[in-house]
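Participant: Next come the chains, spelled out residue by residue.
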Amino acid sequence: MGYKKIDLESKAYQNVKYLIVGILFGVIFVKSEVISWFRIQEMFRLQSFHMYGIIGSAVLVGMISVWLIKRLKIKTIDGEPIRISPKKFNKGQIYGGLIFGFGWAITGACPGPLFAQIGTGATVVTVTLLSAIAGTWFYGYLRERLPH
Amino acid sequence: MLEILKQPWPWYIAGPLIGLTVPTLLLLGNKSFGISSSLRHICAACVPAKIPFFQYNWRKEMWNLFFVAGILLGGIVGAGILGNPNAIVVSPALMEELVDYGITNYNNLIPEDIMNWQSLFTVKGFFLMAVGGFLVGFGTRYAGGCTSGHAIMGLSNRQWPSLVATICFMIGGFIMANLILPYILLL
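Chains as they are written, first to last, in numbering that gives the first Met the number 0: chain A, 0 to 147; chain B, 0 to 186.
With the rest of the complex left out, here is chain B (with noise of 0.2 Å):
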């Protein structure tokens, strides 16, 4: 069994499980299936600054913040002792193209060759981790959600403005994976 679970899960098994998180936290406790919100919370608690944005009771949105902490704890559990002890399988086109950025690491689900510590004082590396994380949050927080609280969430609660946000997340990902991370890598 446990040899079976450390093998990576098929999507027909893990898209429904992550689906049903939406019908598990409203009942439990009536709440929207959503992840980065919490980094508005951290804002609250942590920087806010007087900005009017970050001014109102975090505390009560608690449960969003173990949510995560949770998400961090299961991070060390499916690596851990559920760990996929072989390389990850990866499309060779995909494989083919990144040996042209020096990418040929794939003992991780990052690739470490272009994500690590020494990386992140070179241009790529800065770009690749901080300047992307850095859009991450400013446009999930515009866009008012991510991929969990827009596309699965607000979808499955059929509304529109959730559609369109999921449409230019994607539009979004296509512009900069095709036409301008190939010259990010190339750095």
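Chain A extracted, bound-state conformation (with noise of 0.2 Å):
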């Protein structure tokens, strides 16, 4: 009994800094105006360098930090080697992608930024979240006859 308890502590200490990584990232979603609909349609516009510096400084960062950590073989905080699964190409990536796309440009936002929306004080956006949870349900519920 007394074990368990621990361990369901141990558990939740594990994820509460998932959530306080959350909490900054939620922030520079903010402060960015990267979870603006108007920013978004300026980047489909063509209309402003913003969020394509974003995007490519976040890659550009993200690139070289996962290089470092092949390369000098760091490990996590816990002393595990560090493993990123491979993504596997399929169609789905395709024709996915397109359709996220058409989502991205007329809600102004990809999944994550829905949540900071939400944070925002746009409590109407919890519709369109809801509406994605659907459309992800959906996908699974069609998903053995979609081409993949």
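Derived by calculation from the structure, the hints in this document are not laboratory data.
Cross-link-like lysine-lysine pairs, in silico, DSS-like; alpha carbons within 30 Å at most:
#, chain 1, residue 1, chain 2, residue 2
1, B, 59, A, 69
2, B, 59, B, 49
3, A, 69, A, 10
4, A, 16, B, 5
5, A, 69, A, 16
6, B, 59, A, 74
If you follow the hints, you should be able to join the two separate chains into one complex; please do so.
Facilitator: Right under this line is the structure:
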């Protein structure tokens, strides 16, 4: 019994760190206006460099980090070797990618910004989020019948 | 200091910080950055409906739900204590175009003129929020990831399928924003 409780507590602790990273990430999302519908419209109309600068520099920093982690064989804070599963190609990345692109331009948000937008007080975005959950569910339901 | 933080942050500050999320999650517990999976975990937890795609131990992926809960809380902080007191700055070319669609309110990061509870019950609002959201959820899962999982994490790990996905996200967005959305906004 006692052991179980300790185990649960350590699990909660394990997840609190992701909550904290999420909070910092959400703040960056809001302050950089990545979650702005207007910024997404500017991006797709080539009216501003802002979003290209953000995505480009984020990818560059991410790439250098992953390269360093692999090169220096850096381990996690718990001493585990770092593993990143490869992405396998299927046609879903094309069809799904286009469909997501449509939704991204309409809502001005990808899944992450939906959560942050709700946090900023735009309560109506809960409808967009619930619709996104419904869309995800519908994909799961149709999956066997879709081309991949 | 607080005054500076309240201003919108430039891309060269925010972009690298977003990029640093990749190594942070890897170092904290071998987690690959990705957000749209959280929507799948929510389905698996709440409405699995015996669908094989939702039959897995979502509790093992609990970290992802904590992460998105954090993003929501971050939204509260970013708009509250660190909220920008000024109207948001948008490209003049876009402002000029949006006037034609009745969008003139720049108090919020989302266009309050067209995205609000009343407009949800109009054809336009239903399209912008319900249909748009559905496409986001369906498309990201079909593609196996979103901007974070493919464009940032996948490209960081130099995965070519993620490059294909990212290019398709952009093509879809360009088509929608320039060729279709203007008609939806005129509804």
